[in-house]
Amino acid sequence: MEQRDLIYKYLKELERYLARLEKAQAQEVLKEIESHIFDALEQQQSSDQVEDASTILRGFGEPRQLAFAYVAHITDGAPPPAGFKAIQKVKQGVTATLFYAMAVFGFSIAVALIFVAGAEVFMPDSVGVWSAGNGNSMAIGFLAKPYPAEQELLGAWLTPVAVVAALLVSLLTRQVLRQLKHQR
Amino acid sequence: MTTEEKEEKIQEKWEVQLRKGTLELVILAALQHRTLYGLELLKLLQSFKSAAITEGTLYPLLDRLKREGIVDAQWVQDGDTRPRKYYSLTATGHHKLADLVTLWRQSVLDIEFLLAHPGPAILPVQGE
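Those protein sequences? They're chains E and Y, same order as listed.
For the first sequence, the working numbering assigns the number 1 to the initial residue and increments by one for each residue that follows.
For the second sequence, the working numbering assigns the number 1 to the initial residue and increments by one for each residue that follows.
Everything labelled a hint here was simulated from the structure, so no lab data went into it.
Treat each hint with caution, since some may be false.
What the hints assert, rightly or not - Result set (PhoX-like, lysine-lysine): computed pairs, CA atoms no more than 20 Å apart in a straight line:
{"hint": "1", "chain 1": "Y", "residue 1": "K66", "chain 2": "E", "residue 2": "K23"}
{"hint": "2", "chain 1": "Y", "residue 1": "K96", "chain 2": "Y", "residue 2": "K49"}
{"hint": "3", "chain 1": "E", "residue 1": "K31", "chain 2": "Y", "residue 2": "K66"}
{"hint": "4", "chain 1": "Y", "residue 1": "K43", "chain 2": "Y", "residue 2": "K13"}
Note that this is a predicted model, so its numbers are computed, not measured.
Taking the hints into account, I'd like the entire structure generated from these sequences.
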């Protein structure tokens, strides 16, 4: 029983280090090595030797090193040359700036939209969406001298529309931020 | 460290290098017209003094050879036995073996020639 525990512990550890391979590939490697170990164990038994898993496992070497030999082809050529470190840093800096700028930009639009939605409820006359110049330009927000009422679009609908838009904008911002975080 | 130990160490190092360099040829040769699973192949190699390698060297190498299309692998289950992964040479593998064999034989010939013609006379031009 102790022998099996030793083997499963080894395989478990190997599996952890093989995580960089595709799952199916890693499972294939594990299956083959497991098959080998139990075959070798049976051969020991049938030749009247003492069951000794540790000798077999020693032949495979440390799980970390064995896994590295399998994963080596992935890392081959992957690490950038030394000079590229600076570029990596610059890229990281840009991503950080982009991250916070995106957060400020996205969330302030959302807050502004919520504000407009609230203001529409209290000051329906001076808040709204107007179309001016026959649709050539549009104004959203507060106006000291509002356009004639008939030119206002949406009217009281502005509140729900602005709230929904605010929600969408914050959701979108969150998605973008999540992606940016991933890149860092 | 005595001179003897030093010499032994250098010899050992050279042996390791030689084994490493010829390993691929050895494996391809072992799989020539034969299908073997890992443990069988390992036992076969370990029965030769110059080809004795460990599990930890063999399996990752087989994995690489398979990725390069030099060997093919297939899981086979015979009756109640545990499924085993059998390796065989692909067409590319056979070509590769032929290439390596040519290089190997040339290398042996050259070394043997040098050994057969020790100093101080100037070497006769080979093939004349």
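Enumerate the violated hints, using their earlier numbering and listing them in ascending order. The structure breaks hints 2, 4; every other hint is satisfied.
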